[in-house]
Amino acid sequence: VVKRGLMNIGLTEASLTKAFEDEAQMKAADTYQRERADSLNALESYVYDSREKLDEYGKLKEFVTDDVRVQILEDLEVAEGWIYSEEAEEAAKSTFVEKKDALFAKIGPIQARYLESENRPVYIDRLKETILKYKEVIVPGVAKYEHLTEEDKSTVLKSCEGAMLWLTKESAEQDAMPKNVDPKLTTRMLEAKDQEVVSVCKPISEKPKPKVEPPKEAEKPKDDASKPAGGDSEAKDGDAKPAEAADESGDVEMKDADTDPKAADDAHVENGEEPNPTKSE
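Taking UniProt numbering, the leading residue of the sequence shown gets 1, the next gets one more, and so forth.
Since the hints were derived computationally from the structure, they do not count as laboratory data. Treat each hint with caution, since some may be false.
[Claimed, not checked] No farther apart than 27 Å at their CA atoms in a straight line, the calculated lysine-lysine pairs in the DSS-like style are these: (1) LYS169 <-> LYS133; (2) LYS128 <-> LYS158; (3) LYS135 <-> LYS202; (4) LYS128 <-> LYS153; (5) LYS179 <-> LYS153; (6) LYS100 <-> LYS61; (7) LYS128 <-> LYS144; (8) LYS133 <-> LYS209; (9) LYS59 <-> LYS100; (10) LYS209 <-> LYS153.
Taking the hints into account, I'd like the entire structure generated from these sequences.
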């Protein structure tokens, strides 16, 4: 019986379901084989890489004791032999992962010591730069920090000097330790101390200067109020001066006419008057 809606190839619903399941299993098997091969390759690469780093001239040699290094090299040799054995051909993916994890448990700490030794100077320099940066806050005469209070500057100084004392002590103790033991001063500790200084000093160094209001301009006096009270009278006095000058000149002319009879007659004639007969005789 073929149900309506199915492909016209005579498959039952159960057969079609089984076909889908078989296809899914094939895909899962392919995925597993690929992941198994990747795990085997990862184990093989880790064995070769670790053996190179732990040999007589390898970069990890200083970070492990000789007896431990020799034992790990033997373990790596055993692992290499197993990889090419018949047992490995039949081994599951999980077996490769377990063997790699077992080797990493021994080699990982050695690798970590090496990385700490390489990166520690970088983190030390970074902390020193942070301390130097914020110590500028307490330097006298720096204009952008003049508005900070003495309490602010004291807080910054305490944080910077405390961090520097800690760094000096921890660095000296770390330098005295052999490289083949776990470090006392780690990059994580240095980073945490750097952040501690920043969290204390940065908010203080970024305090804004208080706003200073500009001085108010003085009110300009009104034009009428600025004039002197006697201004009009002075102007009137000035206007009267020409008239006074004219009167004075007229008096001079009249005086001249009185002293000179002929001049007096001429003056009468000019004014439309009869000449004085008495004075003319």
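Taking the hints in turn, this is what the structure says about them:
1. LYS169 <-> LYS133: 21 Å, holds
2. LYS128 <-> LYS158: Given that 27 Å is the threshold and the Cα spacing comes to 15 Å, the pair holds.
3. LYS135 <-> LYS202: The given pair, whose Cα atoms are some 11 Å apart, holds under the 27 Å limit.
4. LYS128 <-> LYS153: Within the cut-off at roughly 19 Å; holds.
5. LYS179 <-> LYS153: Distance of about 40 Å is beyond 27 Å: violated.
6. LYS100 <-> LYS61: 20 Å, holds
7. LYS128 <-> LYS144: Roughly 22 Å between the alpha carbons, so the hint for LYS128 and LYS144 holds.
8. LYS133 <-> LYS209: Holds - the C-alpha atoms of LYS209 and LYS133 are around 19 Å apart, at most 27 Å.
9. LYS59 <-> LYS100: Roughly 21 Å between the alpha carbons, so the hint for LYS59 and LYS100 holds.
10. LYS209 <-> LYS153: The hint holds at about 15 Å.
In the structure shown, a violation is registered for the earlier hint numbered 5 alone.
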